[in-house]
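Residue numbers (this note's numbering), protein chains in the order written: chain A, 1 to 481; chain B, 1001 to 1464.
It is worth saying that the hints were derived from the structure and are not from the lab.
The reader is advised that the hints may include incorrect statements.
[Said to hold, decoys possible] Each pair of labels, with its calculated beta carbon distance range:
| id | chain 1 | residue 1 | chain 2 | residue 2 | range |
| --- | --- | --- | --- | --- | --- |
| 1 | A | 182 | B | 1184 | 54 to 64 Å |
| 2 | B | 1060 | A | 58 | 57 to 67 Å |
| 3 | B | 1180 | A | 224 | 29 to 39 Å |
| 4 | B | 1216 | A | 55 | 52 to 62 Å |
[To be verified] PhoX-like mimics (lysine-lysine), calculated; alpha carbons at most 20 Å apart, straight line:
| id | chain 1 | residue 1 | chain 2 | residue 2 |
| --- | --- | --- | --- | --- |
| 5 | B | 1358 | B | 1426 |
| 6 | A | 195 | A | 181 |
| 7 | A | 102 | B | 1023 |
| 8 | A | 151 | B | 1358 |
| 9 | A | 102 | B | 1358 |
| 10 | A | 159 | B | 1426 |
| 11 | A | 102 | B | 1426 |
| 12 | A | 21 | B | 1418 |
| 13 | A | 21 | B | 1359 |
| 14 | A | 195 | A | 64 |
| 15 | A | 151 | B | 1418 |
| 16 | A | 64 | B | 1310 |
| 17 | B | 1418 | A | 159 |
| 18 | A | 102 | B | 1359 |
| 19 | B | 1429 | B | 1310 |
| 20 | A | 151 | B | 1310 |
| 21 | A | 181 | B | 1310 |
| 22 | A | 438 | A | 362 |
From the three backbone atoms N, C-alpha and C, an ideal C-beta is built for every residue, glycine too.
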Amino acid sequence: MLALTLILIPLIGSLVLLLLKGSSVSSSKNTALVVSLATFAVAIYAFTTFSTQTTIGVKYSWMKDLNINFHISIDGISLLLVFLTAFLVPLIITSTFKHTYKNHASFYALILLAETALMGVFMARDIFLFYFFYEAALIPVYFIAAIWGGKDAPRITFKMFVYTIFGSLFMLVALVYLYMKGASADIDQLATTAKLLSSNAQNLLFWAFFIAFAIKMPVLPFHTWQPDAYSESPTPATMLLSGLLSKMGVYGLIRIMLPLAPVGVANWGQFGMILSIIGLIYGSIIAIQQNNIKRLIAYSSFAHMGLMAAGVLSGNINGIQGALLQMVAHGVNAVGLFFIVKIIYDRTGTRDLTALGGITQKTPALSIYFMIIMLGSVALPLTNGFVGEFLLLKGIYDKNAWLGGFAGLTIILGAVYMLRLMQRSMFGESNDITAKFKDVSGSEVAVLLPIVAIVLIMGLFPNVFLKITEPAVNNILQMMK
Amino acid sequence: MYPILVLSVTGLVTLFLGFLKSKKILLPASLFFVAIAFLSNFIDWNAPGLYFYDMLEASNLSVLFSSIILLSAFLVMALSKGFLDDEHAQPAEYFAILQFSLVGAIMMTNFQNLIMLFVGVEILSVSMYILTGSDKRNLRGNEAALKYFLMGSFATGIMLFGMAMLYGANYTFNISDARILLLQPVTDVRPVFLYVGVTFLLIGLLFKVSAAPFHFWTPDVYEGAPTIFTTFMSTVVKTAGFAAIYRILEVSFSPIYNFWWVMIVTMAILSLFISNITAIAQQSFKRMLAFSSISHAGYMLLAVVGLNNKSGDSIVFYSLAYALATISAFGVLMIVSKDCLVDGRPNENIAVLNGLSKKSPFLAAVLAISMLSLAGIPLTAGFWGKFYVFADAASRGHIWVLVIAIMMSAVGIYYYFKPIIAAYMKEGKGENIRLSAFYKIILGLTTAGSILLGLFPDLIRELL
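This is chain A alone, in the form it adopts within the complex (with noise of 0.2 Å):
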């Protein structure tokens, strides 16, 4: 029930939402501020009771005629990118207190809507419900981004639309395969599937589930509808993308295709790997050469879609262990450094590196903020993203040392680009455009500061979150054997 629930509320916050179209602004921005808040409490819940013991799930069937469930439940991989999901929505809700968008029902209902079908792909524990909620998500936050986008956006975002729905009907061939092969459709029996599947087959569904999720995260060479997207679209549009529904790629590498097509990744899965570092070096040069701050922060979460993905591919829990954490503190710090860019872009209306600098002088306080998340973003140990990418450079390292020595790269050129972007823009001389910077407002800090609190947290207490990932991600290496 705990985890319907988690699906329910924002569905019904949602509709409540589009049913109250006309009430004011205020009213609609606090019906999903409390809606959002709500689920995160239920998942708040849920992560405090958790226990490897029980399973929190429901299964109901849904389709007889094609064996399929509605089946949800919660184990540790999946609680954790509950919890994530739960965490930044309201965030994401708060850091648009400050603007008013037209039909401003809809477009918090939209968010709501995304935020559901999140919950159902990170549970969803059916191939064929995985799917619905895998698309599903996509199409709320291309209308968020295409509709309230800059004036480029519907060209933009339909190029992303297009191109992950060409991606998903990849995985739609490999469901319909293994329907046709009377495999189960439960997630839990994808095991007992690839034992009934040859190597050439497990060798396609590989390439089909890869390319899908590889769209998705993006990795190399699927990754040109990125960067575009990413900067085009209004910032809560960014922040669901980079945040969270990038993170359902890698989700579903994890959750799908390792167990099912485990020869598969034996085969093909060191090539992924070599693409998504190929990836990861191109995204961080390329960020290392932006001016413009929207677009930096875009190509440095390329890069870092490729480190897990890499992770992930290496199939060892380091890898496997490593991008789950790094999937939670990558989506805290993109959220929270889109945010910054927001807010810089909301104050002197320029997303240029060059136009700006001594922002600092005017508000050191925005400037701790940025510098802690910014820690984050670049590994500094004590902060979210250490643990997570040391954990995955050892994961790919014990793979294959060469590619684990050219992944460390992203240390080195993970900071080069990050320092650039804190030092050019809160560093230095203020000039005309950042003379009037003003404070942080309070609406502003109540989104910062849970990012900066969950960014020293996870570093600190790394092992709250590994442990419970722990058991369910050693089910998943059982499950490929």
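Take the given structure of chain A and dock chain B to it, following the hints.
Here is chain B on its own, set in the frame of chain A:
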């Protein structure tokens, strides 16, 4: 089988109703007649049997096909409210012809004898030729009707020729008897005209469902015909055509699967390629839907290619999903374009939908859901339709066909989203559209149907 009797009589009655002074009674009367036919259809449910000296056969599958046909006809007629009101229109004739055409369409779903197939196809086609040109003062309509008539009668001729050949090969018009003959072990080479006959018969039928390369008439005819009849054509005619194709291939020609599957698969792929690629460039919403209709013919052919005991269900489901979405889309177009005249004709460009979400949020939502369903986005009926036909194709091991179909679905998403983008993201001119409750109910029904079947496809699948 009973709808044939009902509609033959009520068609005549409708003609006589035309003598009444008030034309207002025609629409409710016709709707009532079709509803009666729809209900009478279910007398045959779970009561299979042969009728009229083995000329027609009732089965659950044919009942379902007929139900879809009658349901589509009902919805289309209901949408015609207010469109046949102008002084030159002759609604009595139109409604009578529509009902007669349904007789032909239902014959195509349950024929047991090739003669009945021919009669059914002819009744349906001749009605369509007339309705296409029914807007007499529209030059495009006249051109379309003439084109449709010339090409259609040529196709029917080829089909009849094929039937003659088949008679020469099998000495029978009865499709079950033909199957028994085909199942017997071959001592000698089968006569060439058997194969010629099958090919020609299929060409005739594929023309009717506008599968490539017999699709050239479709865009022009769809565009030229009054939208109400275009809707009728793209739902009723397509469903009837596929019922006939499936029936003839399943009942009669499944023993020579190896002969015809290559032909069908080629046409399926051609349809998918030509239609989806061409649809991208269309400015006119109606033409786009015409190409979309060709592409859906391609998808449905995939179920035929994967002929197994489930493919009948798949085609039923697909037809229903497609009909619901198409009726919604054309319904929205009709309502929106009515007041946007260009050179005295309704403007049917995609641009006419600009800013629809502001002018009428309801219509915009109907349009969006119908487009999502046509594009096959999950949780709409169209998704399951595609899933089932893909599964059929895969069951025969045609995975590569599947991959092509999937790529073309991705292309499809591109153009199906153009109307959605126009409705939600572009600024439009004009005033808010006021919608009568009647339209709201009809379009609400079709939209709810698309979503309901998307959530619970078992509703239909469990019937069979």
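Hint check results:
Separated by about 34 Å at the C-beta atoms, residue 182(A) and residue 1184(B) break the suggested range of 54 to 64 Å. A beta carbon spacing of about 35 Å between residue 1060(B) and residue 58(A) contradicts the range 57 to 67 Å that was offered as a hint. The hinted window of 29 to 39 Å between residue 1180(B) and residue 224(A) is violated, with their beta carbons roughly 59 Å apart. Taken as a hint, the range 52 to 62 Å holds for the pair residue 1216(B) and residue 55(A), whose Cβ atoms sit roughly 59 Å apart.
For the hint linking residue 1358(B) to residue 1426(B), the alpha-carbon distance of about 10 Å falls within 20 Å, and the restraint holds. Taken as a hint, the residue 195(A) and residue 181(A) pair is honoured in the structure, with Cα atoms around 12 Å apart against an allowance of 20 Å. Pair hint residue 102(A) plus residue 1023(B) does not hold up; C-alpha atoms about 46 Å apart against a cutoff of 20 Å. Proposed proximity of residue 151(A) and residue 1358(B) is supported: the alpha carbons are some 19 Å apart, at most 20 Å.
Using a Cα cut-off of 20 Å, the hinted pair residue 102(A) and residue 1358(B) holds, with the two alpha carbons roughly 12 Å apart. Distance hint between residue 159(A) and residue 1426(B) is fulfilled; the C-alpha atoms sit about 17 Å from each other, no more than 20 Å. Of the pairs offered as hints, the one joining residue 102(A) and residue 1426(B) holds, with about 14 Å between alpha carbons and a cut-off of 20 Å not exceeded. Between residue 21(A) and residue 1418(B), the direct Cα distance comes to roughly 26 Å. Violation of the 20 Å bound is thereby established for this hinted pair.
A C-alpha spacing of about 15 Å is found between residue 21(A) and residue 1359(B), which places the hinted pair at or below 20 Å, so the restraint holds. Pair hint residue 195(A) plus residue 64(A) does not hold up; C-alpha atoms about 24 Å apart against a cutoff of 20 Å. For the given pair, residue 151(A) sits about 17 Å from residue 1418(B) by alpha-carbon distance, which is consistent with the 20 Å threshold. With a C-alpha separation of about 15 Å, the suggested pair residue 64(A) and residue 1310(B) falls inside the 20 Å cut-off, and the hint holds.
Distance restraint check for residue 1418(B) and residue 159(A): the Cα-Cα separation of roughly 12 Å lies within the 20 Å cut-off, and the hinted pair is therefore satisfied. Using a Cα cut-off of 20 Å, the hinted pair residue 102(A) and residue 1359(B) holds, with the two alpha carbons roughly 15 Å apart. For the hint pairing residue 1429(B) with residue 1310(B), the CA-to-CA distance comes to about 48 Å; that exceeds 20 Å, so the pair is violated. Pair hint residue 151(A) plus residue 1310(B) does not hold up; C-alpha atoms about 48 Å apart against a cutoff of 20 Å.
Between residue 181(A) and residue 1310(B) the CA atoms are separated by roughly 16 Å; this keeps the pair inside 20 Å, and the hint holds. Note on residue 438(A) and residue 362(A): the hinted pairing holds, with a Cα-Cα distance of about 7 Å set against a maximum of 20 Å.
Figure legend: structure checked against the earlier numbered hints; hints not met, in rising order: 1, 2, 3, 7, 12, 14, 19 and 20.
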